[in-house]
Every structure is written in C-alpha cells, then in structure tokens.
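The chain contents come next:
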Amino acid sequence: MRRLTWFNATSLTLGFAFLYIPMLILIIFSFNASKLVMVWAGFSTRWYGELLQNEAFLSAAWTTLKVAVASSTIATVLGTMAAYVLIRGGRFWGRTLFSGMIYAPLVMPEVITGLSLLLLFIGIGLDRGVLTIVLAHTTFSMCFVSVVVSSRLVSFDRSLEEAALDLGSTPFEAFRLVTLPIIAPAVISGWLLAFTLSLDDLVIASFTSGPSATTLPIKIFSSIRLGVSPEINALSTILILIVTIGVLTASLVSKRSSLKMQADERAAVRN
Amino acid sequence: MAQTVFEPWNDPDQEPLIQFRNVTKRFGDFTAIDNLSLDIFEREFFALLGPSGCGKTTMMRMLAGFEGVSEGAIYLSGKDIAPVPPNKRAVNMMFQSYALFPHLSVWDNIAFGLKRDRLPKKAIGDRVSEMLQLTRLEKFAHRKPHQISGGQRQRVALARSLAKAPKLLLLDEPLGALDKKLRQDTQFELMDIQEKTGTTFVIVTHDQEEAMTVASRVAVMDEGRLIQVDTPAQIYESPNSLYVADFIGDVNIIEGHAKKSGDGYDITFAEGQPVLHAKTSRDLGSAGKCYLAIRPEKVTVSAEKPEGRTNLVKGTILDIAYLGNLSTYHVKLASGQIIKAQTANTRRIARRDLTWEDEVWLSWTETAAVVLEV
Amino acid sequence: MRRLVLIAVPYLWLLTLFLIPFLIVLKISLSDTALSIPPYTPTLDLGAGWTGVKEFFAGLDFENFWFLTTDELYWKAYLSSLQIAFLSTIMTLIVGYPIAYGMAQAPDEWRPTLMLLVILPFWTSFLIRVYAWMGILSREGLLNQFLLWTGVIDAPVKILNTDTAVYIGIVYTYLPFMVLPIYATLEKLDESLLEAAEDLGCSRASAFWLVTVPLSKSGIIAGCFLVFIPALGEFVIPSLLGGSQTLMIGKVLWEEFFNNRDWPIASAVAVVLLLILIVPIILFQRNEQKQREAEG
Numbered sequence: 003m004r005r006l007t008w009f010n011a012t013s014l015t016l017g018f019a020f021l022y023i024p025m026l027i028l029i030i031f032s033f034n035a036s037k038l039v040m041v042w043a044g045f046s047t048r049w050y051g052e053l054l055q056n057e058a059f060l061s062a063a064w065t066t067l068k069v070a071v072a073s074s075t076i077a078t079v080l081g082t083m084a085a086y087v088l089i090r091g092g093r094f095w096g097r098t099l100f101s102g103m104i105y106a107p108l109v110m111p112e113v114i115t116g117l118s119l120l121l122l123f124i125g126i127g128l129d130r131g132v133l134t135i136v137l138a139h140t141t142f143s144m145c146f147v148s149v150v151v152s153s154r155l156v157s158f159d160r161s162l163e164e165a166a167l168d169l170g171s172t173p174f175e176a177f178r179l180v181t182l183p184i185i186a187p188a189v190i191s192g193w194l195l196a197f198t199l200s201l202d203d204l205v206i207a208s209f210t211s212g213p214s215a216t217t218l219p220i221k222i223f224s225s226i227r228l229g230v231s232p233e234i235n236a237l238s239t240i241l242i243l244i245v246t247i248g249v250l251t252a253s254l255v256s257k258r259s260s261l262k263m264q265a266d267e268r269a270a271v272r273n
Numbered sequence: 057m058a059q060t061v062f063e064p065w066n067d068p069d070q071e072p073l074i075q076f077r078n079v080t081k082r083f084g085d086f087t088a089i090d091n092l093s094l095d096i097f098e099r100e101f102f103a104l105l106g107p108s109g110c111g112k113t114t115m116m117r118m119l120a121g122f123e124g125v126s127e128g129a130i131y132l133s134g135k136d137i138a139p140v141p142p143n144k145r146a147v148n149m150m151f152q153s154y155a156l157f158p159h160l161s162v163w164d165n166i167a168f169g170l171k172r173d174r175l176p177k178k179a180i181g182d183r184v185s186e187m188l189q190l191t192r193l194e195k196f197a198h199r200k201p202h203q204i205s206g207g208q209r210q211r212v213a214l215a216r217s218l219a220k221a222p223k224l225l226l227l228d229e230p231l232g233a234l235d236k237k238l239r240q241d242t243q244f245e246l247m248d249i250q251e252k253t254g255t256t257f258v259i260v261t262h263d264q265e266e267a268m269t270v271a272s273r274v275a276v277m278d279e280g281r282l283i284q285v286d287t288p289a290q291i292y293e294s295p296n297s298l299y300v301a302d303f304i305g306d307v308n309i310i311e312g313h314a315k316k317s318g319d320g321y322d323i324t325f326a327e328g329q330p331v332l333h334a335k336t337s338r339d340l341g342s343a344g345k346c347y348l349a350i351r352p353e354k355v356t357v358s359a360e361k362p363e364g365r366t367n368l369v370k371g372t373i374l375d376i377a378y379l380g381n382l383s384t385y386h387v388k389l390a391s392g393q394i395i396k397a398q399t400a401n402t403r404r405i406a407r408r409d410l411t412w413e414d415e416v417w418l419s420w421t422e423t424a425a426v427v428l429e430v
Numbered sequence: 163m164r165r166l167v168l169i170a171v172p173y174l175w176l177l178t179l180f181l182i183p184f185l186i187v188l189k190i191s192l193s194d195t196a197l198s199i200p201p202y203t204p205t206l207d208l209g210a211g212w213t214g215v216k217e218f219f220a221g222l223d224f225e226n227f228w229f230l231t232t233d234e235l236y237w238k239a240y241l242s243s244l245q246i247a248f249l250s251t252i253m254t255l256i257v258g259y260p261i262a263y264g265m266a267q268a269p270d271e272w273r274p275t276l277m278l279l280v281i282l283p284f285w286t287s288f289l290i291r292v293y294a295w296m297g298i299l300s301r302e303g304l305l306n307q308f309l310l311w312t313g314v315i316d317a318p319v320k321i322l323n324t325d326t327a328v329y330i331g332i333v334y335t336y337l338p339f340m341v342l343p344i345y346a347t348l349e350k351l352d353e354s355l356l357e358a359a360e361d362l363g364c365s366r367a368s369a370f371w372l373v374t375v376p377l378s379k380s381g382i383i384a385g386c387f388l389v390f391i392p393a394l395g396e397f398v399i400p401s402l403l404g405g406s407q408t409l410m411i412g413k414v415l416w417e418e419f420f421n422n423r424d425w426p427i428a429s430a431v432a433v434v435l436l437l438i439l440i441v442p443i444i445l446f447q448r449n450e451q452k453q454r455e456a457e458g
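Chains as they are written, first to last, in our numbering: chain A, 3 to 273; chain B, 57 to 430; chain C, 163 to 458.
The following block holds chain A by itself, in its conformation from the complex (with noise of 0.2 angstroms):
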C-alpha cells in the first residue's frame, strides 16, 4: 500500500515550492512595469517590447541557435557512432583509451575542459569564433549523446540485426534499416539533449568563442554580472516556456505512444 502521509505532502510541496517558486517570481516581474526589478509598479510587456529591439541580444540569440543545431547534429552523428562502437564494435586496440574518453567529459569540470580547448585553438592557429564553439560543443555533447545511445543498444535485441544480416542484408543495411529506425527515439533524445547542452553552455563558449562571436549565455552573463535587469527576465520567461512547452510535448507524446502500445498488445491477447 503506498500510502501520502502528511509528512510525504508536506515534503513534495516544500520540495516543489523550492524548485519553482525562484522561477515563478522570475516570470511574473518580467512583466513588473518599474526598471527597478524587484519593485512591483504595475503590470507591463514593456520589457519585452524593448528585448525585441534589442540588436546585441537578438544577433547572440540567433548565433547561439546556429551554434546548437550544428553542433548537437554532429555529436548525434559521432555520438552514435561511438556508441555503436562501444557496444558492438567487439576489441580494439585502445578500447579502454576509447571509452575513458567518452566518460572522462562527462564529469570534467567545464573550466578545464574549456581552456584545454582554447589553448588547442591557440596552438594551432585556428581563429576564434563560431567553428571553434561548434567544435567544443560537439566534443563533450557527442559524449552524452553516447551514453543516451548506448544505454539503449544494450537492451537492444542482437538476433534483429542478425536476422536482417540472414535475410540478406549488407551490415550497412541492418544498421540503415533495422537498428537505426528501433534506437530513433534514443538518438532524438541525445539529439535534443546535446542542443539543449549547447544553448545552455556559457563556461565553454566563453573560452572558445572569439569578438566575432557572442553567444546568449555570454550576453547574458555579461549583463547580469552588474545586477538584475527586467529585459532579462524578459528573456527568461521566453527560454523557460520554449523548454516547458517542448518537454510537455514529447513526455505526452511519448506517454500516447506508449498507451497506444499497451492498448495494441491487450487487444493482440484477446484476438
């Protein structure tokens, strides 16, 4: 018997509390008619008005997106490779070397793993800017979309891909047509996840961006080190509801596939 005692609804609702309240109040004084932040003066979508002119941030917002679509689609691309790699690509020689450095970025602290990649850049010449943050972003997403992809080839059923190779298919093919469309779900979410790994970054963008190139968590970083401002909140407010309308709707697409699933093999029982 699972049982919600008081002590269990006290401690989801505290819990909770503390989770969304910061945000909560984020969002309702983005929309605070006063410059001074944290002093209600009436209810206004002034400070949204003046972020859409603002140029700095609109031009950092769009090189950030450039940033995150290229770089999470390669480190899928290599993600998955090296996923493959790890769970079907039998011994090699340097497997250990191989999968250390998948996991090793994993829990690198991000100032490291940003001035190794700068002095990198230095040392061989390579000018700073948007290839150099495309270049660090995939490196360590390309590690997690690994682990999303692998988690998921381990469970994966062999005799599939063997079956495709019995019935005539080339290797390639089996991956192409058989493994690839089962494990697509995994590979969207390591998708997603390395995108939202790159829009999110700013220890690394900051080491290996260049003047060219300004990413929004640099501007924003830049701007709130001198205290709160309402067009940030601004912003804010409009990050948070991409994301929470994004996660709502894969979780409720994911949730009716799945319902559809159950409902097909209770239905397939009967028959």
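Think of the hints as simulated: they come from the structure by calculation, not from any bench.
For clarity, every value in this text was computed on a predicted model and none was experimentally measured.
Heads up, a few of these hints could be off.
[As the list claims (entries may be wrong)] Just the calculated beta-carbon pair ranges, DEER-fashion:
| # | chain 1 | residue 1 | chain 2 | residue 2 | range |
| --- | --- | --- | --- | --- | --- |
| 1 | B | S153 | A | V271 | 13 to 21 angstroms |
| 2 | C | R273 | B | P141 | 30 to 38 angstroms |
| 3 | C | D270 | B | P139 | 53 to 61 angstroms |
Note that CB positions come from ideal geometry on N, CA and C, so glycine has one too.
Assemble chains B and C onto chain A, guided by the hints.
The following block gives chains B and C in isolation, referenced to the frame of chain A:
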C-alpha cells in the same frame, strides 16, 4: 502401391546437403564443439537435442554464419561455407525470440529478405501472399508485430524465414515461447509446412518430446559431442548409452555384472535376486559391469506370480502415481532397488486391486531391456 | 574497412579535441611564464630536430606546482571548494531525500507528473536558474522584503554575494541530480519488505532506518557524487551569487586565465583540480558498476 521409405542416410549414393567434417569450435578456453562430424540430407527434418550448453545452438549459428569454425569445415551442397558471410548464404534462420522487426508490418517483415534480393515488386507481392496463405496470416498482413498474438508471431517468423526459399531452414527453439496446448498443434503444422515446401529443416530444441514428434532423425548432444544420431524410434528403443537412455523418457537403470550367455547376457545385480537375461546383438566384450535399462511401460506388474517369464522379481509397492490415463507403481525390491512399472488404466478405478504395501511381481521379456556399457 | 572508419572517426575526434588539448594543458603547467605570445616558454620546436625536443623537455619543471603550495590563495581556494562542495552535497541530500521519498510513496498515477516536475528544471537553462536567485537574495530582494515584513529582521541583511548564497545556488541547481537517482532506487523498493520489518516488531521509523535507507544506499551515493563532482569545479554560481571573498577553484582558474593572463599557473590549477577529482570519480564509477552487477 509400394511407398519408398524416406531414409537417405542409409543410401550410400545419396549426397548429403550438409557435411560437418571434424568441426571444432572454441570460445577462448571453452570447447563448445569437439571434433564433430555429421551428415544431414535434403528434405530431412533434423533435430539437435540436448541440455542447454551442449553446443546445439553453436552448431546452428555456425550454419547460419554468425560463428566461424576453429578447426574442420562445414560443406553445403559440397561447398565449404566458411568464406560465405551470413547475408550471402542460402540458409535462413528462425530465431528463438522470433526477431520480428517491431517497426515493420507483418507484410514488410516477410518481404524484407525478398527486397534485399532486389526482386521486382510484382514477384515480391506474389511471394509474400503465398507465404501469408501458407501460414494463414492473410488477415494480419498490415498489423505490426506487437498487434498480434504469440502464436501468430511465431508463424510470421516462419513465413519470413521461408520466403526466400532457402536450401536449409534453421529453427532455434521455434516453439519455446508458446504454451503447451498451442505447442502441440504447432508441431503438426510445422511438419505439414516442411512437407509442403520440401525444405530441409534443422531444429534446435531441449524438449525431447518435441524432437521425437517432428524429426526424421534426432541427434542427441552433450558437451559438444554427438552421443547418438538416429530415428526417434531407435533413440527410444535402443539407446546406445546410459546418457541417451536417461535423457529420453523415463527409464529404470539396474547396475549389475554381465556374462555372455546364448544370444545375449545374463546379469546378476544383487544378492538373493534372480539372474536377469537380456537379448542383444551388441558385444560388450567378455564380461563385466554393465547397466540394464528398462522402460517402465515394458514392466508388467501383477499380484500373482506369472508363469514362464524369464525376468521376474518380487517387491512391495512404495508409491502409486495416478496420472489419469496411466498409473506408475514404485516397487521396492528386497535388495533396496526401486523399479518403476507403468500400466494403462483401461479399467475403472474401482476394479483395480493393487495398493500401498502390497507384495507384487514384476516381469519383463528378454527383449524389453537394453544392456549398456559403463 | 567500414568497421575501421566507424571506429576511427569518433576516436580521432576525441583524440584531437579531448586528449591532445589536455596534454597541452599538462605541458603548459610545466612551463615558465613569459611576456610573449603565447605567454609561456618553452615551445616545442620540431624544426630544430632532436635538440629542439631535448630543449623542450629540459625547459619543463614543477615550479608552478611549487608556487601553488607557497601562495596561500590557491590551497585556501582548493580547501574552500572542497568544503563548499561537501557541505552543499550534504544539504542537497537533506533537501532531496524527502522529495524522492515522497515521490516514491505517491499514488502510481501521480508519479509520471512528479517525475516531469523534477526533470523540467533540469532542461531549463542553468544560468537562468542561478539568475532567478539574484533578484530574490539581493538587498532589496524578495527574501529581505519578506523577512522585514514578518519582523524577523529590522534592517535588510546581505545575502547575495556571500557563501550562503552560493550554498543556496548549488542546492537549488543540483537538486534534480540528487532526487532522480534516489527516487530510482526507492521506486524499486519492495513494499512487503517494510511490512515484514513491521511484522517482526519494528516501528515505522526504525523500519525506515533499518530497511529503506540501507536499500537506497546506492542511489544516495550516486546522487551525492553527481552533486559533489560538478560543484567542486563550479564557476557560474560563485561568480554570480558569491562575493569577492568566496574562494572557489573554478573562479580562481578563470581569473588567472582571463584577468592575469597567467597561462602556466591556470594550467597547473586545472591539473591539480583534476587530480583531486580522480578519487570521487573512481568511487562513483565503482558504485555504478556495483549497482549494474546487482541488477544483473
């Protein structure tokens, strides 16, 4: 009308479809298959039977091409198959888990192999319809694997592996996932389809009843070796070793000393017990320790001493297992040996007169028991 | 051939953009500071052949590491990072465990929603979540307004730009990392074990301590490492919520590099930070492996 008996293994002119020649397979230090040679003929329904880990699945995976051989060679229609990758072999496999592609419909699953051969659309459609008809799946063509029942999935797997008309079909525990009732029906369906298509089937199973029912020949395996390869009747009636006798069906084993006598052997097995006699053409050498294997249904149990029986012992009933159609009596001899005897319950229960602690006589004919070497 | 390409592409990518950069950091940490571009010597001059390589190695020494031990700024920063990471991990555990426990005890139909509520902040920008506290904790912020209103204090107190704010920030941002692994172990906990414990004479509370807590140990350990490891190298939280006196090694590294342009010292700071992290990382991996083995 004289019907020729299907026994290609007894015909020296027949060319085997598959030949294992001194095949050994090692995984690291573990020897899965140990210097094994075997011929399988066209149109055969051949069963590899043994406990898990005996090497039967490895044999099948070597035929499909998922494992190489460490030593020796495997020939298919006289050609060494070692250099042929699995996707180029005229061999198809039905997987234990069925391995149906969950994202494809029944129709697309069956068409999968045909599409890989780049057949024209029309030919693929015709062949898939034929397969759907053969396996009575026409109604389910557009369903996904999770939308059909376990028995239907099994038939899809069969249809998919037969679609390319392979020279050889491998079936890995094909009925293992079905419940008992469905399993029995499906066994006959499988035999029927094998006969209709004329494909050579090699089935791997740990279920001896299943192997005996479907197969033309059965190979009993243990620890990477073939113990006996023969027809189901021969395997049951004249096992060549204690292992086979014990593995297939229920059996009484009596340990004793054999001495050559006439057309068979005299066996003494315990002090104060009569000498038993068994007819056999087998030669055990001069004399020595042996096992006598007797199937329980070949032992007659009676309250009065029967006349003129060669093998006759006396004991008391220890236990009676009533199985409905049969009853098994566990009878303890004075020497402590327990012998099981089985009788068919053709009479109503009230008429049967044997009960616990009764003294009874057990008897069997000279040919009922099999003498086995230690 | 295909297999080779499959292995080589991600392998070479990680070698070039992960391993080699790190070796460069290691090399620079052993070099001397110089007023040149790049601001360190020696540089590897492969054109000079063998003598170039020999000179390169001759120029390396542990001077920078020695310097780290002599200047108390650095070892104080390491110690204070360890302290902040450790204490905030404990606090996150204290806040997170009841949430995970409450989720595991909640009715089945609530649980996906509760799970979603924990995951949602995780997908939301880290920077924004830290920023949200800046307005609350500032001198004119809501927390001070609230405390003044209730009469607990009669003049605004400084919370933002103190270590307290850093603790709040770490607990807040890393809470999902603590809740999720603990919830995963608690959810699998067989309810009949607690009934058995109570049947054998345990009180509700002692059944919790003797059965629930030990069985959720692996989740607790995983959660603690998931908070501790990133908190140790944290940069954003101390620089936004902490004050000038807040010493954390991520912030020191950043300042050495960007403000003082002392690359060799920044690299040495990074190498030592990594050495400190190796122990918890190995312990964490071992815990994960044990858990995988226990699950078969």
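Flag every earlier hint the structure violates by its number, smallest first. Structure breaks hint 2 only.
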